[in-house]
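Peer 1: Listed below are the residues making up each chain.
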Amino acid sequence: MTIPTSVSSMFSQRLDMPLTAKLLEKTAAPGQVASGQAATGQVQSHDFVSMLGQGVSEVNSLQQQSTQSVNEMLTGGDVQPAEVFASVQKADMAFRMLLQVRNKLMQAYEEVNAIRI
Amino acid sequence: MFSALDVSTSALVAQRIRLNTISGNIANMSSIQNENGEAKPYQARYPIFQTDENMVGPEGMAGVKVASVETEDKEPNYRYQPEHPLAVKEGKWKGYVAYPSINLNEQFVDALESTRSYEANLGVMEISKNMGRQSLSILA
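So the protein lines, in turn, are chains A and L.
Counting along the first sequence from 1, when you hit position 93 you're at 93 in my numbering, and nothing is skipped either side.
Position in the second sequence (first residue = 1) + 117 = my numbering.
Quick caveat, the hints were computed from the structure, so don't treat them as lab data.
No residue lacks a Cβ here, since even glycine has one placed at the ideal position from N, Cα and C.
Honestly, I wouldn't trust all of these hints.
Covered stretches of chain L, going by a simulated chain A footprint (3 or more residues, C-beta under 8 Å) [claimed, not checked]:
1. 125-135
2. 144-151
Computed footprint of chain L on chain A, listed as stretches where at least three residues anywhere in the stretch have a Cβ under 8 Å from a Cβ of chain L [unchecked claim]:
3. 80-91
4. 97-110
Chain A extracted, bound-state conformation (with noise of 0.2 Å):
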């Protein structure tokens, strides 16, 4: 449950376009290219952003079901083990998916990092 959590804070803190207006601040001397960045992702930038949570808090949702039907099992509730194993499988599939998704905007962002300006 936290390696959602931190991943959509991640997620959240990457995709705020100021904090990549300030980034590419950092990189770029011109301040006009930079504000024209944040100015054009922050519109796009709210869309993304929410879509995003709304992955992370589901994979998390998923995940949350499958633990609380995992102790239902071993506590001795009255659960079938079929339902209990397939939704393990469907929070293990979210989260890989998820994970994914991760991994490559990551390395969009590490090859926009790598531009030299």
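Starting from the known structure of chain A, arrange chain L on it as the hints suggest.
Peer 2: Frame of chain A; chain L shown alone:
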């Protein structure tokens, strides 16, 4: 993406219930008293499977659920045991004891079918799992 897994899970749960009723049928194949202590032989129970209306998706997939578990109404298997305390006292079957008429072969064939179906659904789950995992490699 996960709906395929959910549908397969519903089938697993349904088949598990079916296997449970079959094990109950086999366990009670010599029960000559019902759960209230009356001298009525056990009657086999069979689950009725139904398409789950809460799990019908736009993609045409549909889950399965157990609508009800029905009790069979079959003529008992009478054996002549006049000394038996539960023997029928009067009428046509005087001196006979009513035993359940459960056909073991039928039950085992049902159990086999149920197990095969369980395995088939596990196979489908494996395939959907692999599909999900493999699509991730597009991004990687």
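Peer 1: Are there three or more residues in the stretch 97-110 of chain A whose C-beta lies within less than 8 Å of some C-beta in chain L?
Peer 2: holds (count 5)
Peer 1: Are there at least three residues in the stretch 144-151 of chain L whose beta carbon sits under 8 Å from a beta carbon of chain A?
Peer 2: violated (count 0)
Peer 1: Holds or violated: the stretch 80-91 of chain A covered by chain L, criterion of 3 or more residues with Cβ-Cβ distance under 8 Å?
Peer 2: holds (count 6)
Peer 1: Holds or violated: the stretch 125-135 of chain L covered by chain A, criterion of 3 or more residues with Cβ-Cβ distance under 8 Å?
Peer 2: holds (count 5)
Checked against the numbered hints given earlier, the structure breaks only hint 2 and satisfies all the rest.
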